[in-house]
Amino acid sequence: MNYQELIRQTVLNDERFVVMTAENRAVLRELPPVLGPRFIDVGIAEQTMIGAAAGLALRGRIPICHALAPFLIYRAYEFVRTDVGIAHLPVKLSSWIAGFLSEANGPTHQAIEDVALMRAIPGMTVFCPADEADMLAMLPAIWASPDPAYVRLIVRKTDYVHVPFEIGKAEIVCEGTDLTFLVYGLLFEEVRQAAQLLEQQGLSVGIINMRSLKPVDETAILRAAQMSKRLVTVEDHLLTGGLYSIVAETLLRHRQTADVQALALRERWFRPALLPDVLAFEGFTSQHIAQRVLHRAEA
Amino acid sequence: MNSANPTHSTAAADLSAMALRVREHILCLSTDGGCFTGASLSCADLFVFLYTRFLRVGPDRWSDPQRDYLLLSKGHDVPALYGTFVEMGWLPAERLRHHLKTTDHIYWHPNRNIPGVEFHSGSLGHLPAVGLGIALDIRLRGGANRVVVVTGDGELDEGSVWEALLVASAYRLDNLVFVVDRNHFQANVRTEELIPLEPLAAKFEAFGCAVARIDGHSFEQMELAFGRLPFEAGKPSVIIADTVRGKGVPSIEARADRWFCNLTAAEVEALIQELRGEAQAQLTSETLTVR
Chain A
3 MNYQELIRQT VLNDERFVVM TAENRAVLRE LPPVLGPRFI DVGIAEQTMI
53 GAAAGLALRG RIPICHALAP FLIYRAYEFV RTDVGIAHLP VKLSSWIAGF
103 LSEANGPTHQ AIEDVALMRA IPGMTVFCPA DEADMLAMLP AIWASPDPAY
153 VRLIVRKTDY VHVPFEIGKA EIVCEGTDLT FLVYGLLFEE VRQAAQLLEQ
203 QGLSVGIINM RSLKPVDETA ILRAAQMSKR LVTVEDHLLT GGLYSIVAET
253 LLRHRQTADV QALALRERWF RPALLPDVLA FEGFTSQHIA QRVLHRAEA
Chain B
180 MNSANPTHST AAADLSAMAL RVREHILCLS TDGGCFTGAS LSCADLFVFL
230 YTRFLRVGPD RWSDPQRDYL LLSKGHDVPA LYGTFVEMGW LPAERLRHHL
280 KTTDHIYWHP NRNIPGVEFH SGSLGHLPAV GLGIALDIRL RGGANRVVVV
330 TGDGELDEGS VWEALLVASA YRLDNLVFVV DRNHFQANVR TEELIPLEPL
380 AAKFEAFGCA VARIDGHSFE QMELAFGRLP FEAGKPSVII ADTVRGKGVP
430 SIEARADRWF CNLTAAEVEA LIQELRGEAQ AQLTSETLTV R
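As you go down the protein sequences, you meet chains A and B in turn.
Per our numbering, the first sequence starts with residue 3, numbered consecutively.
Per our numbering, the second sequence starts with residue 180, numbered consecutively.
Incorrect hints may appear among the rest.
[Said to hold, decoys possible] Listed below are the simulated DMTMM-like cross-link pairs for lysine to aspartate or glutamate, each with C-alpha atoms no more than 20 Å apart in a straight line:
hint: 1; chain 1: B; residue 1: Lys-280; chain 2: A; residue 2: Asp-279
hint: 2; chain 1: B; residue 1: Lys-280; chain 2: A; residue 2: Glu-284
hint: 3; chain 1: A; residue 1: Lys-159; chain 2: A; residue 2: Glu-7
[What the hints assert, rightly or not] Here are some of the chain B residues that sit facing chain A, going by a computed Cβ distance under 10 Å:
hint: 4; residue: Gly-254
hint: 5; residue: His-305
hint: 6; residue: Asp-336
hint: 7; residue: Gly-338
hint: 8; residue: Gln-365
hint: 9; residue: Ser-397
[Claimed, not checked] Pairwise CB distance ranges, derived in the manner of DEER restraints:
hint: 10; chain 1: A; residue 1: Arg-268; chain 2: B; residue 2: Thr-282; range: 18 to 26 Å
hint: 11; chain 1: B; residue 1: Ala-323; chain 2: A; residue 2: Ser-147; range: 57 to 65 Å
hint: 12; chain 1: A; residue 1: Arg-255; chain 2: B; residue 2: Gln-245; range: 56 to 64 Å
hint: 13; chain 1: B; residue 1: His-277; chain 2: A; residue 2: Leu-296; range: 26 to 34 Å
hint: 14; chain 1: B; residue 1: Ser-242; chain 2: A; residue 2: Gly-62; range: 53 to 61 Å
In case anyone wonders, no lab produced these hints; they're calculated from the structure.
Glycine included, every Cβ here is placed at the ideal spot set by N, Cα and C.
Generate the whole structure from the sequences, applying the supplied hints.
Below, the structure written as structure tokens:
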């Protein structure tokens, strides 16, 4: 099973589904002949794709809109907010190469504000799977929901075996008393390895794979805050409006406080390069993460 | 190195030789992570012509408000731009060896850390509007500089391109010229098989532009077209340059799957030989559509 195959099965088994793209076919290559008229490629015209998705949804369709993250979100933002958001239509945004996955494309292609912008829209749900298996476990529930949804796609594989997915629930990978990592997306794997390094230093380390950022698993956040001396949020996103903000809002709402260390991007775009070099340069390899935790280095 | 001198007569043979070297730079960047090879090869001749024969630009006037402007709106063809800058003597060739590395700013889209890049791009359909703003200010100040915006043809799908044309036409900006690298492909498919653009000249004319259509690999036709700008007083100009994606390297010419190439070092060598007409390359790297 992979993303393309899951789409193929979903669309063929349920005629409400259509696939839309703004000519971003890298992982959909085999779908046009298979899906026929229910594969709709509008060309390089993201806002028109979203407007048209709203029209299709008004007629009972569930459009899966697949495009490069920055253009899906930023180019089409007002169409997402106004046409999909206000009408609360079940349009499913499939966001390709968000966060560090844009590698050497440069700032124009860096979707590192996507979580902030998407969760700001009333009724929009936001999901960030950790790896391909996690994504495949999550997508059926997300697509079956009546809500508009934003998903950071990821096709990288890890050896981690995930528990079944439920909207609004995080995955508790392990619990720890010294610190708990809160993480989503591709940095999950780096965090797993960082946790091992820290355990070798004698620390008790928990890991939570957030999965569902909106609705968020408040119970998991609050429990970790009570159990651990420190929470460490790790995200390939700007500090503003991402997981760190979500944790802060959750704690405030419940009149709690915690020692929270944020590993995120601060007021700048990341240095373009191939992924391993980006992780090293920006301090997000497992070794960097472990060192930053040990030395309390946030920036 | 002084700025390009448009009045200096550069023989067509010299331009061809320079374009060949630019294409070698493009091929050399098509490994270790790769680049948008096919889309860069199609506009190599255009850049060589524009920087040697038309634009009044260069290191001695990068900040001169009287200079001409080239805005690269289809930013993914930046290897052709950097290759041209190297051949103009404006960019040290060794900087290209830092392609995709955190040690420099040479990556898949242009940015102003590289002298001569007027504006960053990568998101399509932005620089027609930015160019419009620059042209408006030049008009306000009574300047004689020209603004050239290079777009792709797939890029014309973006509605913002047409909004900019409407406004440029409304403001009668004849100091603005849009050059369309009409290589007949967008990322993964032929334009006419997805969102047909033809009749393209008629579309631009209907938006109030004066249009010429040329062979984008003919320096002679470029000379004639750019030599008579503006085509019509009070109208923005459009030059549709018909080109071939992958031009110069038959193995990857006019192929949807060679838009982006991440080749082995041996394949790059073989393609350079093919470019020089020495031997045809055999490619085994996975065909790539990164979008």
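Now the hints, each set against the structure:
Simply put, Lys-280 of chain B and Asp-279 of chain A have alpha-carbon atoms about 7 Å apart, close enough for the 20 Å limit, and the pair holds. Among the hinted pairs, Lys-280 of chain B with Glu-284 of chain A is consistent with the structure: their alpha-carbon atoms are about 13 Å apart, no more than 20 Å. Using a Cα cut-off of 20 Å, the hinted pair Lys-159 of chain A and Glu-7 of chain A holds, with the two alpha carbons roughly 16 Å apart. Checking Gly-254 of chain B against chain A: minimum C-beta separation of about 7 Å stays under 10 Å; hint holds.
Checking His-305 of chain B against chain A: minimum C-beta separation of about 8 Å stays under 10 Å; hint holds. At about 4 Å, the closest approach between the beta carbon of Asp-336 of chain B and any beta carbon in chain A falls short of 10 Å, and the interface hint on this residue holds. The criterion of a C-beta within 10 Å of any C-beta in chain A is met by Gly-338 of chain B, whose closest approach is roughly 7 Å, and the hint holds. Because the closest C-beta pair between Gln-365 of chain B and chain A is about 6 Å apart, less than 10 Å, the hint holds.
At a threshold of 10 Å, the smallest CB-CB gap from Ser-397 of chain B to chain A is about 28 Å, leaving the interface hint violated. Between Arg-268 of chain A and Thr-282 of chain B the beta carbons are some 22 Å apart, a value that agrees with the proposed interval 18 to 26 Å. At about 60 Å, the CB distance of Ala-323 of chain B to Ser-147 of chain A agrees with the hint of 57 to 65 Å. Under the hint 56 to 64 Å, the C-beta atoms of Arg-255 of chain A and Gln-245 of chain B, about 58 Å apart, fit the expected range.
For the pair His-277 of chain B and Leu-296 of chain A, the supplied restraint of 26 to 34 Å holds, since their beta-carbon distance comes to about 32 Å. Restraint check, Ser-242 of chain B to Gly-62 of chain A: a C-beta distance of roughly 57 Å satisfies the suggested window 53 to 61 Å.
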